[in-house]
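Asks: Given only the sequences and the hints, what does the whole structure look like? Please build it.
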Amino acid sequence: MSIHTAKRSRPLSPNVQIYRPQLTSVLSILNRITGVALSGAAVALVIWLLMAAAGPQAYDVVQGAVASWIGQVMLFGTTFAFFLHLCGGIRHLVWDTVHGLELRSIYISGWVVVAASIALTLAAWVISFLMKG
Amino acid sequence: MIIESSDQVPRATLLKRFPIPRNFGVSPESRIKRGKTWPVLAGATRVQTFEIYRYDPDSGENPRLDTFQVDLDDCGPMVLDALFWIKNKVDSTLTFRRSCREGVCGSCSMNIDGVNWLACTRFISDLATPATIYPLANMEIIKDLVPDLTHLFAQYSAIEPWLKSKTPAPEQERLQSHEERSKLDGYYECILCFCCTSGCPSHWWNGDRFLGPAVLLQAWRWLADNRDEGAGERLDNLEDPFRLYRCHTILNCTRTCPKGLNPGKAIAEIKKAVIERRS
Amino acid sequence: MRSPLARAIGLGSAREGVRHWWAERISAVALLPLTLWFAASIIAHTGSDYTTFVAWLRTPLVATLMILLLIALFHHTALGLQVVIEDYIHSGGKFAAVIAVRLGCFALAIAGFVATLRIAFSS
Numbered sequence: 001m002s003i004h005t006a007k008r009s010r011p012l013s014p015n016v017q018i019y020r021p022q023l024t025s026v027l028s029i030l031n032r033i034t035g036v037a038l039s040g041a042a043v044a045l046v047i048w049l050l051m052a053a054a055g056p057q058a059y060d061v062v063q064g065a066v067a068s069w070i071g072q073v074m075l076f077g078t079t080f081a082f083f084l085h086l087c088g089g090i091r092h093l094v095w096d097t098v099h100g101l102e103l104r105s106i107y108i109s110g111w112v113v114v115a116a117s118i119a120l121t122l123a124a125w126v127i128s129f130l131m132k133g
Numbered sequence: 001m002i003i004e005s006s007d008q009v010p011r012a013t014l015l016k017r018f019p020i021p022r023n024f025g026v027s028p029e030s031r032i033k034r035g036k037t038w039p040v041l042a043g044a045t046r047v048q049t050f051e052i053y054r055y056d057p058d059s060g061e062n063p064r065l066d067t068f069q070v071d072l073d074d075c076g077p078m079v080l081d082a083l084f085w086i087k088n089k090v091d092s093t094l095t096f097r098r099s100c101r102e103g104v105c106g107s108c109s110m111n112i113d114g115v116n117w118l119a120c121t122r123f124i125s126d127l128a129t130p131a132t133i134y135p136l137a138n139m140e141i142i143k144d145l146v147p148d149l150t151h152l153f154a155q156y157s158a159i160e161p162w163l164k165s166k167t168p169a170p171e172q173e174r175l176q177s178h179e180e181r182s183k184l185d186g187y188y189e190c191i192l193c194f195c196c197t198s199g200c201p202s203h204w205w206n207g208d209r210f211l212g213p214a215v216l217l218q219a220w221r222w223l224a225d226n227r228d229e230g231a232g233e234r235l236d237n238l239e240d241p242f243r244l245y246r247c248h249t250i251l252n253c254t255r256t257c258p259k260g261l262n263p264g265k266a267i268a269e270i271k272k273a274v275i276e277r278r279s
Numbered sequence: 001m002r003s004p005l006a007r008a009i010g011l012g013s014a015r016e017g018v019r020h021w022w023a024e025r026i027s028a029v030a031l032l033p034l035t036l037w038f039a040a041s042i043i044a045h046t047g048s049d050y051t052t053f054v055a056w057l058r059t060p061l062v063a064t065l066m067i068l069l070l071i072a073l074f075h076h077t078a079l080g081l082q083v084v085i086e087d088y089i090h091s092g093g094k095f096a097a098v099i100a101v102r103l104g105c106f107a108l109a110i111a112g113f114v115a116t117l118r119i120a121f122s123s
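From first to last, the protein sequence lines stand for chains W, E and F.
What the first sequence shows, in the numbering used here, is residues 1 to 133, in sequence order.
What the second sequence shows, in the numbering used here, is residues 1 to 279, in sequence order.
What the third sequence shows, in the numbering used here, is residues 1 to 123, in sequence order.
Everything labelled a hint here was simulated from the structure, so no lab data went into it.
A virtual CB, placed ideally from N, CA and C, is assigned to each residue, including glycine.
Treat each hint with caution, since some may be false.
Beta-carbon label-pair distances, calculated as ranges [stated by the list, open to error]:
#1 26(F) - 93(E): 51 to 59 Å
#2 112(W) - 165(E): 40 to 48 Å
#3 104(E) - 5(F): 20 to 28 Å
#4 89(F) - 227(E): 37 to 45 Å
#5 25(F) - 184(E): 48 to 56 Å
To give an idea of the interface, some chain E residues facing chain W are shown, with a C-beta separation under 8 Å as derived from the structure [said to hold, decoys possible]:
#6 5
#7 26
#8 92
#9 95
#10 115
#11 138
#12 142
#13 269
#14 271
#15 272
A few chain W positions that, by computed beta-carbon distances, are all more than 10 Å from chain E [what the hints assert, rightly or not]:
#16 16
#17 19
#18 50
#19 64
#20 108
#21 111
#22 124
#23 131
Replies: Next comes the structure, spelled out in structure tokens:
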């Protein structure tokens, strides 16, 4: 390009900065975020198994970490992420069979996923609490 | 809460944009600055405020956001009418594409109140206060609300949107039953306004290689046509980690189509065809 | 200066991509019962001590299910993370990141097998 033809490149119109968050895009990005978070949980699962294989002392260290308040908060977050990704994943599998892709179904299934994830997380923790006591 | 058709305007005001800085991740020449606030014309009683994205390539300045007050008693009901009113009465340099003014040509597609739609079929009464008008998201801007659609149309020509036949043409028409013709319903009506492609986050991040919902919908239109004999090579060309499989079923496309079409469903059909031909 | 069509065509279609997509779905279907089983087991074992837990994990059925869970989980994780990396990283670092993720998931899966088998075959 000669100096005579050099000019500013055109600006790009804003995308994520101004586009309205909708149930479609929000649930999709949450599915991705929970997926990435759960890969961290997968690493934690392997560490937990290795500690269990190493003997009762090592296992107690891990159980102590999980029982701490940070551990419990992270465990709660992990359960919520798990159920959100699970229900979102089922919704995706249904879409892959080319069903439920009308707008009305998309929105109903979306809200069902949100409600089911919250309900399942609370149910899991309540049952776990009852099992302990 | 439950959207039944894409022309339903969202009422919720809880989250109008993602909570990130206005110029987040934006290159220096794309940063938007505050622009002019144009005065209200005398005698206006019912007024609607519009914040409109402006860019003048000859000025050498960055894009800006101008504020206009439109006299609703002097103006038609649609957003396109408001744009014409501003151009005629306030600022004649406001530039936008338009043609049919009835939602069939696809020229006036733009981002209105955060959602891609046609300006000529969006009622002013459905807008927020102030209403925000941006060009189609993630497009190179030629001037004001006019995006450069060259790459999108190039992606469209890349899928070879014409009838492929090896069988010699019959003397009269290539016959098609009612049922076979109905398979094209919901796909042939696309007006190539590119609201869907411009609203797809996957196309934002990978638009150079991902074909996008509009082009993939047209690809399915040709795959679904019983008269076409090129399905094999069409699917070969589509089966690519980026051209087709950057679609993660986000479904912003179906939500935003101003013609009520379903690109998400068309893409799901393509993916199903790709799987079916190898099993 | 490429023509718009040349830019859109790029390097042409890879003619491949469904394998990754299909494997992600298969592993997802496998993960549905396996993760629910795992979650239910963990909830049922809340508050149980080391010996009870190990005795449970030692049974052949549980050890098998745990290994199946690890296989499906790390396969699904590797595929999912690869897609995320390809979406957001476009420089050459993309290949390094994908390789790191794939090898890391494989290594973690093997580590999980070793741990499970060690518990299952210990006295």
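Asks: Each hint: holds or not?
Replies: Each hint, compared with the structure:
{"no.": "1", "hint": "26(F) - 93(E): 51 to 59 Å", "result": "holds, 57 Å"}
{"no.": "2", "hint": "112(W) - 165(E): 40 to 48 Å", "result": "holds, 45 Å"}
{"no.": "3", "hint": "104(E) - 5(F): 20 to 28 Å", "result": "holds, 27 Å"}
{"no.": "4", "hint": "89(F) - 227(E): 37 to 45 Å", "result": "holds, 43 Å"}
{"no.": "5", "hint": "25(F) - 184(E): 48 to 56 Å", "result": "violated, 28 Å"}
{"no.": "6", "hint": "5", "result": "holds, 6 Å"}
{"no.": "7", "hint": "26", "result": "holds, 7 Å"}
{"no.": "8", "hint": "92", "result": "violated, 22 Å"}
{"no.": "9", "hint": "95", "result": "violated, 14 Å"}
{"no.": "10", "hint": "115", "result": "holds, 5 Å"}
{"no.": "11", "hint": "138", "result": "holds, 4 Å"}
{"no.": "12", "hint": "142", "result": "holds, 7 Å"}
{"no.": "13", "hint": "269", "result": "holds, 6 Å"}
{"no.": "14", "hint": "271", "result": "holds, 7 Å"}
{"no.": "15", "hint": "272", "result": "holds, 6 Å"}
{"no.": "16", "hint": "16", "result": "violated, 6 Å"}
{"no.": "17", "hint": "19", "result": "violated, 5 Å"}
{"no.": "18", "hint": "50", "result": "holds, 33 Å"}
{"no.": "19", "hint": "64", "result": "holds, 37 Å"}
{"no.": "20", "hint": "108", "result": "violated, 6 Å"}
{"no.": "21", "hint": "111", "result": "violated, 7 Å"}
{"no.": "22", "hint": "124", "result": "holds, 26 Å"}
{"no.": "23", "hint": "131", "result": "holds, 36 Å"}
The structure shown violates the earlier hints numbered 5, 8, 9, 16, 17, 20 and 21.
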